[in-house]
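Could you build the full structure based on these sequences and the hints that come with them?
Per our numbering, the very first residue in the sequence shown carries number 1; after that it's consecutive.
Calculated from the structure, these hints are not laboratory results.
Possibly wrong hints are sitting among the right ones.
[To be verified] Mimicking DSS-like on lysine-lysine, the simulated pairs with C-alpha atoms at most 25 Å apart in a straight line are:
1. Lys-58 / Lys-21
2. Lys-58 / Lys-101
3. Lys-130 / Lys-104
4. Lys-3 / Lys-101
5. Lys-7 / Lys-58
6. Lys-85 / Lys-101
7. Lys-4 / Lys-21
8. Lys-58 / Lys-3
9. Lys-3 / Lys-104
10. Lys-85 / Lys-104
11. Lys-7 / Lys-85
12. Lys-104 / Lys-58
13. Lys-3 / Lys-21
14. Lys-21 / Lys-104
15. Lys-21 / Lys-7
16. Lys-4 / Lys-130
17. Lys-58 / Lys-4
18. Lys-130 / Lys-3
19. Lys-104 / Lys-4
[To be verified] Using C-beta positions, here's what the derived DEER-type ranges look like:
20. Ser-97 / Ser-18: 32 to 40 Å
21. Thr-54 / Ser-114: 29 to 37 Å
22. Lys-3 / Phe-95: 26 to 34 Å
23. Asn-52 / Lys-101: 17 to 25 Å
24. Ala-129 / Asp-2: 45 to 53 Å
25. Asn-76 / Met-1: 29 to 37 Å
All of these numbers come straight from a predicted model, not from anything done at the bench.
Every residue, glycine too, gets a C-beta built ideally from N, C-alpha and C.
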Amino acid sequence: MDKKSEKEFIEDLITTFSEIKEDVLDEDWAGITSLQIGCFRRFTQTAIDTNNGTLALKCFQFVDDNIDEVEFSVENSLSISWLGKLNFDRNPILFNSLPAKLEKLYIHLQNEYSKPLDKKVSDFLNDIAKDSD
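If you want it as structure tokens, here you go:
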């Protein structure tokens, strides 16, 4: 079975969440899937932050249903631009409502983000910072 293309995914997204259709299809984001998914991430984050559990759960389920059914570029954007950037500090209870697959991926991403930079990379960045002074 073929995976959903970026275009098919975006069509499903705006059909399911018509509230964000205008933002997702904005000419500034058109054709840049990671930015379009960023609109969806902000929408989801607002649901989390305002304790709109019903909407947050709908967003979680939509991604859970799609993440294994889409082309790699969409899967990557959903992982990095959507899931990896969600913040549950204001509503940690909703974190426990993530489907198991998404919860596991979220924890993995957060662990990766919190790893210290490799010493060589850190030294390189420090050297660049010194050169710019």
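Status of each hint after checking the structure:
Under the criterion of a C-alpha separation no larger than 25 Å, the hint pairing Lys-58 with Lys-21 is consistent with the structure, at around 16 Å. Simply put, Lys-58 and Lys-101 have alpha-carbon atoms about 15 Å apart, close enough for the 25 Å limit, and the pair holds. Our distance criterion of 25 Å between C-alpha atoms is broken by Lys-130 and Lys-104, whose separation comes to about 39 Å. Distance restraint check for Lys-3 and Lys-101: the Cα-Cα separation of roughly 19 Å lies within the 25 Å cut-off, and the hinted pair is therefore satisfied.
For the given pair, Lys-7 sits about 21 Å from Lys-58 by alpha-carbon distance, which is consistent with the 25 Å threshold. The suggested pairing of Lys-85 with Lys-101 holds, with an alpha-carbon distance near 16 Å, which does not exceed 25 Å. Taken as a hint, the Lys-4 and Lys-21 pair is honoured in the structure, with Cα atoms around 19 Å apart against an allowance of 25 Å. For the hint pairing Lys-58 with Lys-3, the CA-to-CA distance comes to about 22 Å; that is within 25 Å, so the pair holds.
For the given pair, Lys-3 sits about 22 Å from Lys-104 by alpha-carbon distance, which is consistent with the 25 Å threshold. At roughly 15 Å between alpha-carbon atoms, Lys-85 and Lys-104 fall within 25 Å of each other, so this suggested pair holds. Taken as a hint, the Lys-7 and Lys-85 pair is honoured in the structure, with Cα atoms around 22 Å apart against an allowance of 25 Å. With a CA separation close to 18 Å, the supplied pair Lys-104 and Lys-58 stays within the 25 Å bound.
Proposed proximity of Lys-3 and Lys-21 is supported: the alpha carbons are some 22 Å apart, at most 25 Å. Straight-line distance between C-alpha atoms of Lys-21 and Lys-104 comes to about 29 Å, which puts the hinted pair past the 25 Å bound. With a C-alpha separation of about 13 Å, the suggested pairing of Lys-21 with Lys-7 holds against the 25 Å cut-off. For the hint pairing Lys-4 with Lys-130, the CA-to-CA distance comes to about 46 Å; that exceeds 25 Å, so the pair is violated.
Proposed proximity of Lys-58 and Lys-4 is supported: the alpha carbons are some 20 Å apart, at most 25 Å. About 47 Å separates the Cα atoms of Lys-130 and Lys-3, which puts this hinted pair outside 25 Å; it is violated. Distance check on the hinted pair: Lys-104 and Lys-4 sit about 23 Å apart at the alpha-carbon level, within 25 Å; holds. At about 23 Å, the beta-carbon gap between Ser-97 and Ser-18 misses the expected band of 32 to 40 Å.
Checked against the hint of 29 to 37 Å, the pair Thr-54 and Ser-114 passes, with Cβ atoms roughly 31 Å apart. Evaluation of the 26 to 34 Å hint for Lys-3 and Phe-95 yields a pass: the beta carbon distance comes to about 28 Å. Here the CB-CB span from Asn-52 to Lys-101 is close to 22 Å, well matched to the stated 17 to 25 Å. In this structure the hint that Ala-129 and Asp-2 lie 45 to 53 Å apart at CB holds, the actual value being about 47 Å.
Between Asn-76 and Met-1 the beta carbons are some 20 Å apart, a value that contradicts the proposed interval 29 to 37 Å.
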